[in-house]
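Note that the working numbering has the sequence shown beginning at 5, numbered continuously upward.
The hints are simulated quantities; they were obtained by calculation from the structure and are not laboratory data.
Remember, it's a predicted structure, so these values are computed and weren't measured experimentally.
No false leads were slipped in.
Label pairs and their computed distance ranges (CB to CB):
| # | residue 1 | residue 2 | range |
| --- | --- | --- | --- |
| 1 | T42 | R12 | 33 to 39 Å |
| 2 | R151 | T42 | 42 to 48 Å |
| 3 | L178 | A15 | 33 to 39 Å |
| 4 | T125 | R12 | 43 to 49 Å |
| 5 | A152 | V108 | 26 to 32 Å |
| 6 | L105 | F174 | 20 to 26 Å |
| 7 | R16 | G39 | 33 to 39 Å |
| 8 | S37 | L81 | 16 to 22 Å |
| 9 | Y168 | T206 | 20 to 26 Å |
| 10 | S37 | Y65 | 17 to 23 Å |
| 11 | T125 | Y168 | 25 to 31 Å |
| 12 | E60 | R151 | 44 to 50 Å |
Glycine included, every Cβ here is placed at the ideal spot set by N, Cα and C.
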Amino acid sequence: MSRSPRARDVARRFPVTLGIAALTLIAFGVERSSGGATDVLTHLRFGALRTDRLVEHGEYYRLLMPLLLHHGWIHLLLNGFAFLQLGALVEALWGGRRLLLFYVICGLAASLTSATLNGVTMPASVGASGAILGLAGLILGTTWYGRAPIRGWLLDLVGQRLLYSVLLTFAIGLGLWLILPLVDNWAHIGGFVCGLLLAAATPDPSEERIEITLPAA
Numbered sequence: 005m006s007r008s009p010r011a012r013d014v015a016r017r018f019p020v021t022l023g024i025a026a027l028t029l030i031a032f033g034v035e036r037s038s039g040g041a042t043d044v045l046t047h048l049r050f051g052a053l054r055t056d057r058l059v060e061h062g063e064y065y066r067l068l069m070p071l072l073l074h075h076g077w078i079h080l081l082l083n084g085f086a087f088l089q090l091g092a093l094v095e096a097l098w099g100g101r102r103l104l105l106f107y108v109i110c111g112l113a114a115s116l117t118s119a120t121l122n123g124v125t126m127p128a129s130v131g132a133s134g135a136i137l138g139l140a141g142l143i144l145g146t147t148w149y150g151r152a153p154i155r156g157w158l159l160d161l162v163g164q165r166l167l168y169s170v171l172l173t174f175a176i177g178l179g180l181w182l183i184l185p186l187v188d189n190w191a192h193i194g195g196f197v198c199g200l201l202l203a204a205a206t207p208d209p210s211e212e213r214i215e216i217t218l219p220a221a
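Please model the complete structure; the sequences and the hints are all you need to start from.
Here it is in structure tokens:
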């Protein structure tokens, strides 16, 4: 069966967003079939961030692999929904190559922050939350100190809703950490701050890109 024109249009306009989402879903399937997506040992085997493995054994791939690993369906779905929304917006405005670059840089910043400030207290850190919050920081930073017309356009599009969502994410993360100290709040903070810094260092999108209308949800 052929894809609908709408599906083809979405795939054409957001190939990097959909590619990252598909790769993450495949990685989750491999996790589930190899010991379970909620098993810490499985996470470690597939590259979860753990500071002692990183420092003592030089397993630097653990700085990036957490972007593809998730702790169960709820974790995957929450991150996936947020990434599809933010990733599509960033790809529409800055292009697919920059989306991939931003995603990787924010993910690295999240992992480095976590490894530095959590130390060995975090048994295994997984998830793309830090990178996703980095994309949120990029967008919010652009609404705060970007130039016209991008600043006004993004304010009209996201307003204060994105800021409230980010604050809610941090509040939930802190609350869960007080109950079950497995939420990597330092990774969240590191990724978000990195996104804010990228917003200050990245040229604003062209007016042609600003005029893009994203597909309706």
